[in-house]
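K.L.:
If you read the sequences in order, they're chains A and B. Numbered per my numbering, the first sequence spans residues 1 to 211. Numbered per my numbering, the second sequence spans residues 1 to 211.
No lab work stands behind these hints: they were computed from the structure. Hints may contain errors.
Same chains, same label: a pair holds when it works inside one copy or across any pair of copies.
[Claimed, not checked] Simulated crosslink set (SDA-like; lysine to any residue; CA at most 25 Å straight-line):
1) K83 <-> H178
2) K155 <-> N93
3) K76 <-> N103
4) K207 <-> I187
5) K76 <-> S7
6) K155 <-> S197
Protein chains: 2
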Amino acid sequence: MDEREISQAVIARLPRYYRYLGDLKDEGVERVSSQELSELMQVTASQIRQDFNNFGGFGQQGYGYNVEYLYNEIAKILGLNEKHNLIIIGAGNLGRALANYMNFERRGFIVRGVFDNNPALYGRELRRNTVQPMEKMEQFVKEHNIDIAVLAIPKDEAGNVAERLVACGIKAIWNFAHVDLQVPGDIVVENVHLSDSLMKLSYGIAKRQRR
Amino acid sequence: MDEREISQAVIARLPRYYRYLGDLKDEGVERVSSQELSELMQVTASQIRQDFNNFGGFGQQGYGYNVEYLYNEIAKILGLNEKHNLIIIGAGNLGRALANYMNFERRGFIVRGVFDNNPALYGRELRRNTVQPMEKMEQFVKEHNIDIAVLAIPKDEAGNVAERLVACGIKAIWNFAHVDLQVPGDIVVENVHLSDSLMKLSYGIAKRQRR
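Here chain A stands alone, though its shape is the one from the complex:
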């Protein structure tokens, strides 16, 4: 299937497959059927087969899928076989938390720099990085082959910073600012709107009470 035609819903499910397959691999499981995966993940076996057929089916034969093969194939589709250099914009609470979070590095996402526009934070150490002034961002992106920028800044500043990032050649933005960014179509944007998520939670509670 032409990759352009694969739906966002299928893509959004890949990390979850990857997570479950990683657990199975860690437990030493060698093969898994779509039925077993279905029970584990609480989705239908036919959905699993349909999802996998988007990528050629991953050669299920005889008894199910080879766990390690499937895990590695999904990793490749997700681009996890490549290392990514990222910078974090904003050294506030969230930016600092992300800069200190080790798990991303294990997956090949390496924090190369942290930037902020607050002089009081310049030079502050966050694991291997020190906070740098925003003026240095563009040059740093070019010199260090940065492909991902994490936006952990207020919504009012996000549009302007995103524009600057696009201009200096960034490929992808992981956006925690509570605003929808307007960027060219070839820039990959993934939003994490924590407030939206909290509102969905609040909706669930309200609905439960209205019953």
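Starting from the known structure of chain A, arrange chain B on it as the hints suggest.
P.N.:
Just chain B, lined up with the frame of chain A:
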């Protein structure tokens, strides 16, 4: 429409409507048509009308919707007219960042306590709260009318802690642990799987490169 029949996709779009309407309200805009909202939000006007019809349509008449009325109605549906007491489990990087993040309080989500199982962190101050030992969690939930627990702990511990939270009467879990929780159906769970989000970003970059 019976609220049980409203799709998750519609619910997931409500916070975004709320965000745009809040911006319009702040700008002093009094009325907005579905067409204008459509251009602003880059979704079709017919989707907007369909979404709103799930909730009785919000009385569009003459020229569009009354912004403030619509904003307040969506707030009510989302349960944002009520205050929520929450606790944070895990005072690591992410837990601390969430405890220090002021914006949630503005929306009525008040952090009442922070818990961790690391004695080195006990007593540490995070804004108005100090980190308490996990053993005190159950009693605290009951005494302080806590309805939401935020799980900012490793995946291996999350299942056990979730069980304890359910047993002491929590209504909702905002889950940052990288695992799918198994909880009774009346417990509201909203997952924020940051690694999954980062993988989707990585997929976007890989796909761009495969073109």
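K.L.:
The structure should be examined with respect to each hint, and the outcome stated for every one.
P.N.:
Cross-check of the supplied hints:
1. In the homo-oligomer, the alpha carbons of K83 and H178 lie at most 25 Å apart only across protomers (21 Å), although the nearest pairing inside one protomer, at 27 Å, exceeds that limit.
2. Taking the shortest alpha-carbon separations for K155 and N93, both the intra-copy value of 15 Å and the inter-copy value of 22 Å come in at or below 25 Å.
3. In this homomeric assembly, K76 and N103 come within 25 Å of each other (Cα to Cα) only inside a single copy, at 19 Å, whereas the closest approach across copies is 38 Å.
4. For the identical chains of this complex, K207 and I187 are inter-copy neighbours only, at 12 Å across copies versus 37 Å inside a copy, given an alpha-carbon limit of 25 Å.
5. Proximity of K76 and S7 under a CA criterion of 25 Å is satisfied intra-copy only: 18 Å inside one chain copy versus 33 Å between copies.
6. In this homomeric assembly, K155 and S197 come within 25 Å of each other (Cα to Cα) both inside a single copy, at 16 Å, and across copies, at 19 Å.
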